[in-house]
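Number of protein chains: 2
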Amino acid sequence: MKLYTYFRSSAAYRVRIALNLKGLAYDAVPVHLLRNGGEQLSEAYRAVNPAGLLPALEDSGAVITQSLAIIEYLEEMHAMAPLLPPDALGRARVRSLSQTIACDTHPLTNLRVLKHLKGPLGLSEEAKMDWYRHWMKEGMAVLEAQLARSADTGRFCHGDTPTMADCCLVPQVFNAQRFEIGLAPYPTIARIHDHCAGLPAFVAAHPAQQPDAE
Amino acid sequence: MKLYTYFRSSAAYRVRIALNLKGLAYDAVPVHLLRNGGEQLSEAYRAVNPAGLLPALEDSGAVITQSLAIIEYLEEMHAMAPLLPPDALGRARVRSLSQTIACDTHPLTNLRVLKHLKGPLGLSEEAKMDWYRHWMKEGMAVLEAQLARSADTGRFCHGDTPTMADCCLVPQVFNAQRFEIGLAPYPTIARIHDHCAGLPAFVAAHPAQQPDAE
Numbered sequence: 001m002k003l004y005t006y007f008r009s010s011a012a013y014r015v016r017i018a019l020n021l022k023g024l025a026y027d028a029v030p031v032h033l034l035r036n037g038g039e040q041l042s043e044a045y046r047a048v049n050p051a052g053l054l055p056a057l058e059d060s061g062a063v064i065t066q067s068l069a070i071i072e073y074l075e076e077m078h079a080m081a082p083l084l085p086p087d088a089l090g091r092a093r094v095r096s097l098s099q100t101i102a103c104d105t106h107p108l109t110n111l112r113v114l115k116h117l118k119g120p121l122g123l124s125e126e127a128k129m130d131w132y133r134h135w136m137k138e139g140m141a142v143l144e145a146q147l148a149r150s151a152d153t154g155r156f157c158h159g160d161t162p163t164m165a166d167c168c169l170v171p172q173v174f175n176a177q178r179f180e181i182g183l184a185p186y187p188t189i190a191r192i193h194d195h196c197a198g199l200p201a202f203v204a205a206h207p208a209q210q211p212d213a214e
Numbered sequence: 001m002k003l004y005t006y007f008r009s010s011a012a013y014r015v016r017i018a019l020n021l022k023g024l025a026y027d028a029v030p031v032h033l034l035r036n037g038g039e040q041l042s043e044a045y046r047a048v049n050p051a052g053l054l055p056a057l058e059d060s061g062a063v064i065t066q067s068l069a070i071i072e073y074l075e076e077m078h079a080m081a082p083l084l085p086p087d088a089l090g091r092a093r094v095r096s097l098s099q100t101i102a103c104d105t106h107p108l109t110n111l112r113v114l115k116h117l118k119g120p121l122g123l124s125e126e127a128k129m130d131w132y133r134h135w136m137k138e139g140m141a142v143l144e145a146q147l148a149r150s151a152d153t154g155r156f157c158h159g160d161t162p163t164m165a166d167c168c169l170v171p172q173v174f175n176a177q178r179f180e181i182g183l184a185p186y187p188t189i190a191r192i193h194d195h196c197a198g199l200p201a202f203v204a205a206h207p208a209q210q211p212d213a214e
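Residue numbers (our numbering), protein chains in the order written: chain A, 1 to 214; chain B, 1 to 214.
It is possible that part of the hints are untrue.
Heads up, the list lumps identical chains together, so a pair's fine if it works in one copy or across two of them.
As the list claims (entries may be wrong) - List of simulated lysine-lysine pairs, DSS-like, C-alpha gap at most 27 Å:
| hint | residue 1 | residue 2 |
| --- | --- | --- |
| 1 | Lys137 | Lys118 |
| 2 | Lys128 | Lys22 |
| 3 | Lys118 | Lys2 |
| 4 | Lys22 | Lys2 |
| 5 | Lys128 | Lys2 |
| 6 | Lys22 | Lys115 |
| 7 | Lys2 | Lys137 |
| 8 | Lys118 | Lys22 |
| 9 | Lys137 | Lys115 |
| 10 | Lys128 | Lys115 |
| 11 | Lys137 | Lys22 |
For the record, the hints were derived by calculation from the structure and aren't laboratory data. Only a predicted model underlies this, so the values are computations on that prediction, with no experimental measurement involved.
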């Protein structure tokens, strides 16, 4: 398997965690989001993924895009270390938590949006960061509420083994910390993050551990 | 089953199509996104869904949020009229197409974002609509490229039966048409939309057919 990745892409980071949790080897193909006007926008990469976004996974001659679709695919192909619970309601909960991050939070704060705010919209650096922090905090407050109110939350987002939701939570917290958003209002997120952060699969997926880290 | 819905919410519209395709009866509970400062932000609805977003599905005493998580849940619980293909690569493709809409396109153009652009950011109505059209066109161009280049695309997004991807495509086109974004650059999307639009499950899910339509 070949993973098109960038060390700091949080969607790629999710998939790296999933691959590591399942013990699957892969070749990392770095795509630099900032160099050469953004290598993800090059013709070569657009031929892999027309969206010009990371990550993309190549397996069995096919290309799969979208981090959650990739994780679901890995889950279906490799039964070990299941990333979804055995019951339908549990799976729905894990998917919903994951989508709170992958649909409602991250898309508003990713690179192409920040570039659009500064370029076409002409926002100041400060106004851009206000936007970033606003949607990050909004998303994390919702995730905290979802986690704190449920008896299904355990040492991880769902029970006591890692799921797709933890693959999403940890990169989200990495982004928050990078931009100095304190975790005090989100004690459940912070607790789950700290528990995950020490585990080998999460450590090996961390941006600082990637071959293209700067 | 109880579906918290708003006639023009495109995420709720996705779930209504899925319910209809599977022939599942449900009680619609209208939540008015504009009345009373937004009923989705009320304490009563936040108790159902802390995100303050639509839709939410109540089933067997549990609440499921996030449109794609709800559709996957319906798919797992009700085998008739499958909304995902039988093979893992096919399922990955349908999930990826769905997420191109649900993660990369719609979250940038939904009501709370448009309100934030006009309120805190102080953008003009014109600049707000420029934003809307920019991300809609960006997302639809990617979806068109994904559909046009694949031999898996049939009368529907994937083959010749409707899937979760069609549940996402049709509401997206409804939004585009509502804001006068022409479909000429997206012939495959337009073709699939027109094919779906005449089918009873899609007709019955249309905003104009809802009990809360205005």
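Against the structure, the hints:
1. Lys137 / Lys118: both (20 Å within a copy, 19 Å between copies)
2. Lys128 / Lys22: Neither: 37 Å inside a chain and 44 Å across chains, both beyond 27 Å.
3. Lys118 / Lys2: Intra 33 Å, inter 43 Å, cutoff 27 Å: neither.
4. Lys22 / Lys2: Cα proximity of lysine 22 and lysine 2: one copy only (15 Å, versus 37 Å across).
5. Lys128 / Lys2: Neither: 34 Å inside a copy, 39 Å across copies.
6. Lys22 / Lys115: neither (35 Å within a copy, 42 Å between copies)
7. Lys2 / Lys137: Classified as neither; 33 Å inside a copy, 30 Å across copies.
8. Lys118 / Lys22: Neither: 39 Å inside a chain and 45 Å across chains, both beyond 27 Å.
9. Lys137 / Lys115: both (20 Å within a copy, 17 Å between copies)
10. Lys128 / Lys115: Result: close both inside a copy and across copies, 9 Å intra and 16 Å inter.
11. Lys137 / Lys22: Neither, since 31 Å and 37 Å both go past 27 Å.
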